[in-house]
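K.L.:
This is what each chain is made of:
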Amino acid sequence: MTRKKRRLMVLLLAGLGLGTATALTLTAFQDNLVFFLSPSDVIAQRPPAERAFRLGGLVEAGSVERVTASDGRPSATFRVTDGPNTITVTYTGVLPDLFREGQGVVTLGRLQPDGSFRASEVLARHDETYMPPEVADALRRAGHWNPAQGAAPPAASWNTAPRQPDGRSGG
Amino acid sequence: MDGRLTAGTGATAARPNPGGRSLHRFANPGRFLRATGRLMPFLWAAALLVLGAGLVWGLVLSPADWQQGETVRIMYVHVPMAWLAMGGYTGLAALSVMSLVWRHPLADLTARELSPVGAAATALCLATGSLWGKPMWGTWWVWDARLTSVLVLFFLWLGHAALVRAFDDPERGARAGAILALVGIVNVPIVKFSVDWWNTLHQPASVARLDAPGMHVDILYPLLVCAIGFSLLFAAVVLARTRAAVMERRVRALQLARARREEGAPA
Numbered sequence: 001m002t003r004k005k006r007r008l009m010v011l012l013l014a015g016l017g018l019g020t021a022t023a024l025t026l027t028a029f030q031d032n033l034v035f036f037l038s039p040s041d042v043i044a045q046r047p048p049a050e051r052a053f054r055l056g057g058l059v060e061a062g063s064v065e066r067v068t069a070s071d072g073r074p075s076a077t078f079r080v081t082d083g084p085n086t087i088t089v090t091y092t093g094v095l096p097d098l099f100r101e102g103q104g105v106v107t108l109g110r111l112q113p114d115g116s117f118r119a120s121e122v123l124a125r126h127d128e129t130y131m132p133p134e135v136a137d138a139l140r141r142a143g144h145w146n147p148a149q150g151a152a153p154p155a156a157s158w159n160t161a162p163r164q165p166d167g168r169s170g171g
Numbered sequence: 001m002d003g004r005l006t007a008g009t010g011a012t013a014a015r016p017n018p019g020g021r022s023l024h025r026f027a028n029p030g031r032f033l034r035a036t037g038r039l040m041p042f043l044w045a046a047a048l049l050v051l052g053a054g055l056v057w058g059l060v061l062s063p064a065d066w067q068q069g070e071t072v073r074i075m076y077v078h079v080p081m082a083w084l085a086m087g088g089y090t091g092l093a094a095l096s097v098m099s100l101v102w103r104h105p106l107a108d109l110t111a112r113e114l115s116p117v118g119a120a121a122t123a124l125c126l127a128t129g130s131l132w133g134k135p136m137w138g139t140w141w142v143w144d145a146r147l148t149s150v151l152v153l154f155f156l157w158l159g160h161a162a163l164v165r166a167f168d169d170p171e172r173g174a175r176a177g178a179i180l181a182l183v184g185i186v187n188v189p190i191v192k193f194s195v196d197w198w199n200t201l202h203q204p205a206s207v208a209r210l211d212a213p214g215m216h217v218d219i220l221y222p223l224l225v226c227a228i229g230f231s232l233l234f235a236a237v238v239l240a241r242t243r244a245a246v247m248e249r250r251v252r253a254l255q256l257a258r259a260r261r262e263e264g265a266p267a
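So the protein lines, in turn, are chains A and B. In terms of the numbering used here, the first sequence has 136 at position 136, counting the first letter as 1, and numbering is strictly consecutive. In terms of the numbering used here, the second sequence has 62 at position 62, counting the first letter as 1, and numbering is strictly consecutive.
Since the hints were derived computationally from the structure, they do not count as laboratory data. Watch out, some of these pointers could steer you wrong.
[Said to hold, decoys possible] Heads up, simulated DSBU-like pairs for lysine-lysine below, C-alpha to C-alpha not over 35 angstroms straight-line:
hint	chain 1	residue 1	chain 2	residue 2
1	B	K192	B	K134
2	B	K192	A	K4
3	B	K192	A	K5
In isolation and in its complexed conformation, chain A is listed as follows (with noise of 0.2 angstroms):
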């Protein structure tokens, strides 16, 4: 019984050590963790011209102009926003097919010197909601969404909805 019971302690005392020198590392390391740095840590720390990083945020609604350039490529400008802080994205190349207005992007890229981000790479990143069109359809006819200006509203308002535009069950 002692015997188990020290075991047991013994395995406690190298959890708690264990968790503890896996916390302090992960808090040492916490800027090297981050996939992508937000408008306002951009502007906050100043990554040098010559480093590659990755930008993210939102695509500000209206902030997209799609050219095509001399060579026939698609190009195009954008905004990425954060609310606070918005940083211009220029961008040759095919978009991802989620990208759009008010969707989140993960661009890499160069700080330039008039301080916009030339992106050699764009990734969508899409967030965490999941509805059937016609609930996306119903809440943008109502008002309640704009999906260009950001985020879905609170979830509670809509997961149960019924999928019938005649108020059916949708089961």
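Given the structure of chain A, go ahead and fit chain B onto it with the hints provided.
P.N.:
Using the frame of chain A, we list chain B on its own:
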């Protein structure tokens, strides 16, 4: 009767542990075999029924997502696999505590049979995630905190499966594997909370949230049924493997006993 028979022969098998405890050690696997023998048909039937219903509901009947379209159906496999990868690993850690503290032989065997199944679930989670990431995010793989920590989880599963089989003495293998599993448990909260603690490409949790699930019920319910179905299947596979392992040990013990008898006969 059956259980006691092997209990006796099992004790005679070459196990370099203090005698006296041996009988007690193999008493439980006998009871385990009898209890699970009755349970298994029901478990398989429930797993196939629930999983079949969940997959038809999720892959055919449920609505598409407003922006992801039909691609969202990958979720009905991806999310249950992710939950099983993490939940299964938590189970592995619990078995390891039982193994290290109470020296429970059945916990050793179950842990040994659990890790390849857990590794398979984690591999499926990674593979489906990759197939989902390409059309949605625009990339098969990124080194963000969520994806990387799940890859570490996969290596922990593989490492455990390899380590417990790497020793001539199964008991030493079980001990080493249990320690590895318990060290690796720090990774489970990292997997779970990586999307909250750090910026990741992977989106935060939709179902396990403090407020309402960010998922319409027509998508949420089939997902939950799929998760229950896959969990039942996971349990059935692990139990079937463990039963086979117990029986394998019995056969080996019986063969050893017979070999001893034959060796001893001429003398």
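K.L.:
Holds or violated: are the alpha carbons of K192 of chain B and K5 of chain A at most 35 angstroms from each other?
P.N.:
holds, 31 angstroms
K.L.:
Does K4 of chain A lie within 35 angstroms of K192 of chain B when you go C-alpha to C-alpha?
P.N.:
Satisfied, since the Cα-Cα distance of roughly 31 angstroms is no more than 35 angstroms.
K.L.:
When you check the alpha-carbon spacing of K192 of chain B and K134 of chain B, does it fall within 35 angstroms?
P.N.:
holds, 22 angstroms
The structure meets every hint from the earlier list without exception.
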